[in-house]
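Peer 1: Below are the chains, spelled out letter by letter.
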Amino acid sequence: MRIRRKVSMLVLMLFMLSIVAGCSQGGDNGAAQQEGDTIKVGINTELSGPVASYGSNAANGALLAIEEINAAGGVLGKQLDPLSRDCKSIPDEAMSVSAALVGEKIVAQIGPLTSGNVAGSTPVMMENQIPLLAPAATAVNVTVDEKTNKVRDFIFRVCYRDSDQGQRMANFALEDLNVKNAAIYGSTSDDYATGLAKYFKEEFTSKGGTIVAEEGFVNGDKDFRATLTKIKSADPEFIYVPGYYTEVAVLIKQAREMGITCPIGGGDGWDSPDMVSVAGAEALNNTYFTNHYSVEDPDPAIQSFVEAYKAKYNKLPDSFAALGYDAARLLADAIERAGEADPVKVKEALEATKDFPGITGTMSIDENHNPVKNIVVIEYKDGNLISR
Amino acid sequence: MQEFLQQMVNGLSLGAIYALIALGYTMVYGIIMLINFAHGDILMVGAYIGFFSVVVLGTNIFVAMAIAMIACAVLGVVIEKVAYRPLRNSTRIAALITAIGVSFFLEYTTIFFLTPNQRVYPAEAFPVTNYDVMGITLSSKDIFVFISAVVLMVILQYIIKRTKTGKAMRAVSLDKEAAMLMGISVDKTISITFAIGSALAAAAGVMIGVYYNSINPLMGIIPGLKAFVAAVLGGIGIIPGAMVGGFLMGILETLVSGYGSSLYRDAVAFGVLIIILLIKPTGLFGKNTGEKV
Amino acid sequence: MQKTQHFKPVQFIIEVGILVVIFTLVQYLISAGLLNQYYQINLASICINIILAVSLNLINGFTGQLSLGHAGFMAVGAYASVIMTTYMELPFIVGIIAACLAAALAGFIIGVPTLRLRGDYLAIATLGFGEIIRVVLQNIDYVNGPAGIMGISKLSTWPWLFGSVVITILVIVNLVNSSYGRAIISVREDEVAAELMGVNTTKYKVLAFVVGAMFAGLAGALYAHYFYIIKPETFNFMKSFDILVMVVLGGLGSTTGAIIAAIFITVLTAALQSFPAIRMILYAVILVTVMIYRPQGLMGNRELGRRTFGRLWGDKK
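Chains as they are written, first to last, in my numbering: chain G, 950 to 1337; chain D, 35 to 327; chain A, 28 to 344.
Don't read these hints as lab results, they were simulated from the structure.
Do not take every clue at face value.
Stated by the list, open to error - Each computed DSSO-like pair below joins lysine-lysine, with the alpha-carbon atoms no more than 27 Å apart:
#1 Lys1099(G) to Lys181(A)
#2 Lys175(D) to Lys1330(G)
#3 Lys989(G) to Lys1303(G)
#4 Lys1259(G) to Lys989(G)
#5 Lys181(A) to Lys1054(G)
#6 Lys1054(G) to Lys1027(G)
#7 Lys115(D) to Lys201(D)
#8 Lys266(A) to Lys181(A)
#9 Lys181(A) to Lys1096(G)
#10 Lys198(D) to Lys115(D)
#11 Lys1096(G) to Lys1150(G)
#12 Lys1027(G) to Lys989(G)
#13 Lys230(A) to Lys314(D)
#14 Lys1099(G) to Lys1303(G)
#15 Lys198(D) to Lys314(D)
Predicted model only: the values in this text are computed from it and were never measured.
Build the full structure now, drawing on both the sequences and the hints.
Peer 2: What follows is the structure, encoded as structure tokens:
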């Protein structure tokens, strides 16, 4: 009966398992004995893994906002205490981090960035009734359960849904640019880009346009010429390139080098100062993207944000930074309106948000916990951003 | 036809970069049987050194490449000394795990100091001109990448075939004990192999920077993986195999995106690799040594 | 240890008893709300990682075949189970069985052609298959492509997790100690000699591969029904490396080692959460240091078992 040796081994392992699991987080809760003079805000973003740059920019934006708010006297007379954690760009880690933050008695959580990681975090936040404010999770089903059509009570976002942007660009292409056919060449490795592509295609074809080619790339790709050569031979009047600037800038540059001159469009993932420096001002002429705002907008609020961000991080903000910044400010505003740092009251205050003046547009939260805000189409002209 | 030739141009410059990286993989493997997963990250470090050399020191791209190659050669030797040498007599898989650890270390140390954001190679570092050859667009970048890769490969061939060091490298990879008995310093030879392999990776890193303009701390993972596949495709440990494997991989990927479906590019690349391995289990250039009993 | 042991009812009862006690204790802590969510999540991760590490150890450690595609089988299991439970609304047990069968089938289809490759060629072929599985999933609209499936019910409760771990360990340990196991180990020690002694090496390699894949599928099913969302990107080659790290760190060919390492890595990952900026640097340094000082892994190829603890229980050996 060798089996018994195994059983004893198993027993030992499970002992260790329970002991080690018990010790792993021993120190955390001891210090958190309801100090009462600070309000804890969790920042659960992707600081390592494939989307580390999005996560760290959003965290930077949020931290800048909290710093400014604290310097101006805090919220309800208390300082905000940001607890920044890394979710490694994977949903199960996002869930574990959220649970740890909940254990530290946060009043709300900002992040994660991608829809998948927000989904990982969602059950913990819902169960503990603590609001989650997603800066950039664009999938439609982040805030609404598509099966039951029920709103996820404690999940909010400050960005557009995929459908908003995809439809907007389809209409822009059909009406303003007067094109009849288009090619789609977007990232296939995240749901943001595939979502945009899906809604663009639906809207574009339903209004009489035709899609002549549909291709995809993978995040991290640097060579798009093979597919671009193929698209070029399909001769589209417009190319829709949903994805992030990290790939899109190189893609557009290569497209122009290969003599593809038609207009190219995309979404808010394009928004970064790196677009112009990578692709070059000339290549970007005749390209358009849907966005929240433009860093070149003379609005003083926007300019002071851009200046402060640049002073602190030595870099112009991209859209993630702006959305992270807005998420933190909206949260502070909601806590102020709630009158006390109680998660459920903050949730109610978030639901009641009306005309909150954010950097990324003035927003009201609708019944599905999505922001209602303007979508601008921005055109690159000789390296400058022109709102259309 | 014109489109096909254009695709071949695309594939050749991509392949040249893969081939350079694959060479480093294969040399290290040939001499200590280690899959050096940190190789792609050395490439990334090289790209950053090249970037700072251009931006801070204001050097031209060739000097930048030379500086990056020297710095990464040193880095490669240090990594070998610190992380791999203590494991030389343990199992190969232990060394493999260490290589994965080193890879994380390089990636996240870079992120810690330089943020995960991408950086842009300045356009003036390498002015681009497009040439129109019989309807094919040929950019000066294509030429730069292709020619530098070929030159480096020729130099490498010369070192390996014609110099004493090269002879030592071949001897050590053939039989370490016998080489030692012949008075060859095995440690020194392994160090030199790492230096050369890392320098090639650094060159490839600077080329990627010039060619695609942007670099980031995780940029080495994908090219590293692809180049590893290329090295295996050609028969790992065999130098001409790595070159052919690299070019083949580049052309294959380009053709799949160009004529098949870009959505399935990576799957097809791996699929072809598996089919080749099933037909020729030690890679294209691998010798079928049979079993030693 | 190699001699047949007499059945010792007292000891057997003690051992089973301890298992029952641990199970009930944790179950009680959970239902009484004494074990907070954070510990529960990490406990689930530990269980899933133990299954992954122990099953990969069967392939890499005992059979000596370097496989880098374990995450692919996990993905097959996860998707198969979710199609059963979320799409077809069948009970969880059906999902689990479907996951095991689908992953075992995938293991068979991949194993038969590739297992004639050796060493690094096998490694790259399995890595390739793992990536192919991921890319294919990314392009299937039925399972939502890269967005993945979200809103999966949380069915992986403690009894499922604990039971799965126990079954995985029992099956694999008994397999390794059976005559099949000796054949499997002979393949690792010397494939040619094993062949000459009349061992059908291909058969045993495929057997180990299929069993390993099957349990990876089980882990995938448990993962999917604990973490609410699955998407192809989660199961990329970095995930396979993570599992490999556990196996090597624990000691190739040591089941107890794999278990200890799975616990160690999960707890380490969780403990490093509080150092967001230097988390991965610390992880890398720890990994390299452990490997340099303990290249054979924490346990080598030894097991922690009755021999070590026999004395405590008054065993003569």
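Peer 1: Now tell me if each hint is right for this structure.
Peer 2: We went through each hint and held it up to the structure:
Taken as a hint, the Lys1099(G) and Lys181(A) pair is honoured in the structure, with Cα atoms around 18 Å apart against an allowance of 27 Å. Only pairs whose Cα atoms come within 27 Å are accepted, and Lys175(D) paired with Lys1330(G) is accepted, the gap being roughly 26 Å. For the hint pairing Lys989(G) with Lys1303(G), the CA-to-CA distance comes to about 24 Å; that is within 27 Å, so the pair holds. Between Lys1259(G) and Lys989(G) the alpha-carbon distance is near 26 Å, which keeps this suggested pair within the 27 Å criterion.
Of the supplied pair hints, the one linking Lys181(A) and Lys1054(G) holds, its CA atoms being roughly 24 Å apart against a limit of 27 Å. Taken as a hint, the Lys1054(G) and Lys1027(G) pair is honoured in the structure, with Cα atoms around 15 Å apart against an allowance of 27 Å. For the suggested pair Lys115(D) and Lys201(D), the alpha carbons sit about 22 Å apart, so the restraint of at most 27 Å is met. Distance restraint check for Lys266(A) and Lys181(A): the Cα-Cα separation of roughly 22 Å lies within the 27 Å cut-off, and the hinted pair is therefore satisfied.
Our distance criterion of 27 Å between C-alpha atoms is met by Lys181(A) and Lys1096(G), whose separation comes to about 16 Å. At most 27 Å may separate the alpha-carbon atoms for a hinted pair to count; Lys198(D) and Lys115(D) meet this at roughly 23 Å. Using a Cα cut-off of 27 Å, the hinted pair Lys1096(G) and Lys1150(G) holds, with the two alpha carbons roughly 23 Å apart. The suggested pairing of Lys1027(G) with Lys989(G) holds, with an alpha-carbon distance near 10 Å, which does not exceed 27 Å.
Between Lys230(A) and Lys314(D) the CA atoms are separated by roughly 21 Å; this keeps the pair inside 27 Å, and the hint holds. Under the criterion of a C-alpha separation no larger than 27 Å, the hint pairing Lys1099(G) with Lys1303(G) is consistent with the structure, at around 22 Å. Distance hint between Lys198(D) and Lys314(D) is unfulfilled; the C-alpha atoms sit about 33 Å from each other, more than 27 Å.
Taken one by one, the earlier hints fail for this structure only at number 15.
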